[in-house]
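Top line first, the protein sequences correspond to chains G and V.
Start counting the first sequence at 827; every next residue gets the next number (the numbering used here).
Start counting the second sequence at 4; every next residue gets the next number (the numbering used here).
Calculated directly from the structure, the hints in this document are not laboratory data.
Be careful, since some hints might not be right.
[Unchecked claim] Reference excerpt, derived from the structure (chain V facing chain G, CB under 10 angstroms, subset only): (1) Ala5; (2) Arg10; (3) Asp12; (4) Leu19; (5) Asp22; (6) Ala23; (7) Pro25; (8) His41; (9) Cys55; (10) Thr56; (11) Pro63; (12) Asp64; (13) Ile66; (14) Thr68; (15) Val69; (16) Glu70.
For clarity, every value in this text was computed on a predicted model and none was experimentally measured.
Backbone N, C-alpha and C define an ideal beta-carbon position, used for all residues, glycine too.
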Amino acid sequence: METVFKRPKSLIDVPFHYCPGCTHGIVHRLVAEAIDELGIEGRTVGIAPVGCSVMAYDYFACDMIEAAHGRAPAVATGVKRSDPDNLIVFTYQGDGDLASIGTAETVHAAARNENITVIFINNAIYGMTGGQMAPTSLPGQVTQTSPYGRDPKACGYPVKICEMLSELQGPEYLERVTVNNVKNVRNAKRAIKKAFQNQIDGKGFSLIEVLSSCPTNWGMTPKDALKWIDDHMIPYYPLGVYKDRSNGIDKFAAKED
Amino acid sequence: MARLTFRTDECKGCGLCIDACPKGILRLSEETINKKGHHPAECVDMEACVGCTSCAMMCPDCIITVER
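Okay, chain V solo, but in the shape it has when bound:
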């Protein structure tokens, strides 16, 4: 069981976390737009997250916190 927290308003929607995720459970939100005007990254299946921190390692803006 792991938990990801995104600081959504600082996300620039580059998508590097999505490619890094070995479980393929991250995506750019289609419904929301943050205050920078990007579709922010989100986790669609938190139950499947193993807390490997790969997404956070690749995030250039350091907006992901991982708890496990």
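Here chain G stands alone, though its shape is the one from the complex:
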């Protein structure tokens, strides 16, 4: 018999600290598989964020740097520019990190078309701090700090990162995926691998937004949380490729015509 599925080499053999059913583990594995399959482990540097995945540096076998809250794209820019031909740099950020405190760094890294890969985990809530409302929380979503549901009149509307960045001329590749069933996990893997391949080919800024679950803070079982992604998150955050300049998917270019 042949082994058809095992833990990837780029994922260190230690148990994750994540809650039961948290999809961070799946996305960690997909990133590690992409690194393995592209054979870039020795020259990859990951930038860990602040949030639940703050301890990502314990799990990836490549070199890791811990950035200040939200500043991962800025740190990644510095690392990448120090040795642009050799290093492969990725950031792994949650929505509290990337879409809240780190919005400026994200937008400007994308506008500069910095040749880095960004993995963005969107679970519509602040997970590590105990389930407060995030910029990505859906209208009407009940959280610790919006007990009657998020009211857009008082709290504004969610930030749709892929849509927002697709208006910029800079970024190379923007796609929104999810990992709530086997088919979507396979699709997410293809997207993440492509984001790394773009960087190897020197094409520029690639961001993959992964709709994730947070069973603990959503107050659901892991199974219900995955269903909630289907029922509530995907209608608000449609999946798909928002920008792929090399293959002609470019909102900005379409407007120029």
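Keeping the supplied structure of chain G fixed, place chain V upon it in accordance with the hints.
Only chain V this time, still in chain G's reference frame:
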């Protein structure tokens, strides 16, 4: 013929592998408790397993190895 190996002590009992299995042959063990204090996932009918790797794809803790 396929074989699943679970690293039982790292299982958190989330049950995502159970929903992913097209054959419906996985369950949370009722008799055993692992060192984390969860009822770990187990396969009740290894003969029926086709080695599709769906359970391993959905396992957030990457504890399943599939051979085929």
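The hints, checked one at a time:
1. Ala5: holds (8 angstroms)
2. Arg10: This interface hint holds because 9 angstroms falls under the 10 angstroms limit.
3. Asp12: Holds: closest Cβ of chain G sits about 8 angstroms from Asp12(V), inside 10 angstroms.
4. Leu19: holds (6 angstroms)
5. Asp22: holds (6 angstroms)
6. Ala23: holds (6 angstroms)
7. Pro25: holds (9 angstroms)
8. His41: For His41(V), the interface hint holds, since the closest Cβ of chain G sits about 7 angstroms away, which is under 10 angstroms.
9. Cys55: holds (8 angstroms)
10. Thr56: Nearest chain G Cβ about 4 angstroms off; hint holds.
11. Pro63: With Cβ-Cβ at 3 angstroms, under 10 angstroms, it holds.
12. Asp64: This interface hint holds because 5 angstroms falls under the 10 angstroms limit.
13. Ile66: Constraint on Ile66(V) satisfied, holds at 8 angstroms.
14. Thr68: OK, holds: Thr68(V) within 10 angstroms of chain G, min 5 angstroms.
15. Val69: holds (4 angstroms)
16. Glu70: holds (4 angstroms)
Going through the hint list in order, the structure satisfies each hint without exception.
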